[in-house]
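Student: This is what each chain is made of:
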Amino acid sequence: TQLLEQSPQFLSIQEGENLTVYCNSSSVFSSLQWYRQEPGEGPVLLVTVVTGGEVKKLKRLTFQFGDARKDSSLHITAAQPGDTGLYLCAGARGKLIFGQGTELSVKP
Amino acid sequence: DTEVTQTPKHLVMGMTNKKSLKCEQHMGHRAMYWYKQKAKKPPELMFVYSYEKLSINESVPSRFSPECPNSSLLNLHLHALQPEDSALYLCASSHHFGTGAYNEQFFGPGTRLTVL
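Just so you know, the protein sequences line up as chains A and B, in that order.
If you count by this note's numbering, then the first sequence holds residues 1 to 108, one letter each, in order.
If you count by this note's numbering, then the second sequence holds residues 1 to 116, one letter each, in order.
Hints listed in this document are in silico derivations from the structure and should not be mistaken for laboratory results.
Any given hint might turn out to be false.
What the hints assert, rightly or not - Calculated pairs, BS3-like style, for lysine-lysine (alpha carbon to alpha carbon, straight line, at most 27 Å):
#, chain 1, residue 1, chain 2, residue 2
1, A, K107, A, K59
2, B, K53, A, K107
3, B, K36, B, K19
4, B, K19, A, K107
5, A, K107, B, K22
6, B, K36, B, K22
7, A, K107, A, K57
8, A, K95, B, K9
9, B, K40, A, K57
Same shape as in the complex, but just chain B (with noise of 0.2 Å):
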């Protein structure tokens, strides 16, 4: 299996909801990323997980909490986000997470996310 996948593929959702973006991996990979994407932009990083442990927080509004419930899952909550939060929600994974020469990221499909 080498692939990562993200449900739900579309949301959208108001601004007083809380809802979940999940991602999963089967790959054995053991650093888990989030990432922003606006249109036409490259990915935009926000949140690194290493061995379960948040190794990075790029300075996210705290209306994006991440979750690592364990090494082959991550789960992106949201609470009360702003329309300029709409973008392309980007989860990746890699062997591991650091200045290695391999570390490759692979990543899912993406979720679609609109506020109104």
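With the rest of the complex left out, here is chain A (with noise of 0.2 Å):
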């Protein structure tokens, strides 16, 4: 059972375009932690929501956590080749509950 829904999978977009990822679920999640992974390196953290109803920003990308803290958002503003790679969201419940990924690509 997949706890942790996230959407799109695969995005291929033209740089400068904007795009939302989103995870949802239907469990409640003590935080939730989005991730960036570039091809054979570990996941890096970008930022952890914990208040149902937070916005996060960090410069182009805006983190939302819904107000029941079981869903959230991941929105990137005029998209770079630099923001390619995998995004994961992870919901915490002792242990961290991945979503499936988005695979996002920029092309110049």
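Starting from two chains that each stand alone, build the complex the way the hints lay out.
Tutor: The following block contains the structure:
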């Protein structure tokens, strides 16, 4: 049973476009973390959201935690080729529950 | 120091070999983790150590044997692996293990393992 549904799984866009990645669950999480991973490297933590309704911004990235702490979204404004990678959401319930990942490709 | 280090970066081994993966962190974290990751898939949890005691074994085959010699070090001993065990093995650490809101996990760069 997949507790955390992440979508889309693949996304190929042109430089300068905006995009949103979603993570949805029927379960409540104490926190939700977003990671970015490049090929052959480990996931790098981008942000942790804790409070329902919380919005955090990291330069062109905006992260939101749902009011009920069951879902989250990542919005990237004016995507750049350097944003290319695998984006993972992970909900904390003791251990981390990962979504399936979103493979993002930003073409120049 | 805010990083998790892993050695070796790459490892190629035969099915009869014995090898070990090493992980180290100096952030004072008391929880450490081993994950296995296949290409373009999320990491799969293998083991969790909390205060140097094994807390979770996710039904991992006995050919993988974890060890936590102290709070900064985590090893994964490998013996008689199968080709399907080829993957990226990731180590991670967090302040504590549990349901605390800020138990963010920090990952190392991984060891790319190939079993021939």
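Student: Determine for every hint whether it applies to the structure shown.
Tutor: Structure-based check of all given hints:
1. As the CA atoms of K107 of chain A and K59 of chain A are separated by approximately 20 Å, the hinted pair is consistent with the 27 Å bound.
2. Between the alpha carbons of K53 of chain B and K107 of chain A the distance comes to roughly 46 Å, so the proposed pair goes past 27 Å and is violated.
3. Taken as a hint, the K36 of chain B and K19 of chain B pair is honoured in the structure, with Cα atoms around 16 Å apart against an allowance of 27 Å.
4. At most 27 Å may separate the alpha-carbon atoms for a hinted pair to count; K19 of chain B and K107 of chain A exceed this at roughly 40 Å.
5. For the given pair, K107 of chain A sits about 37 Å from K22 of chain B by alpha-carbon distance, which is inconsistent with the 27 Å threshold.
6. A threshold of 27 Å between alpha carbons decides the hint, and for K36 of chain B with K22 of chain B the separation of about 14 Å falls inside it, so the pair holds.
7. Between K107 of chain A and K57 of chain A the CA atoms are separated by roughly 23 Å; this keeps the pair inside 27 Å, and the hint holds.
8. A C-alpha spacing of about 25 Å is found between K95 of chain A and K9 of chain B, which places the hinted pair at or below 27 Å, so the restraint holds.
9. Proximity of K40 of chain B to K57 of chain A is assessed by CA-CA distance (about 26 Å); at most 27 Å being required, the pair is judged to hold.
The structure shown violates the earlier hints numbered 2, 4 and 5.
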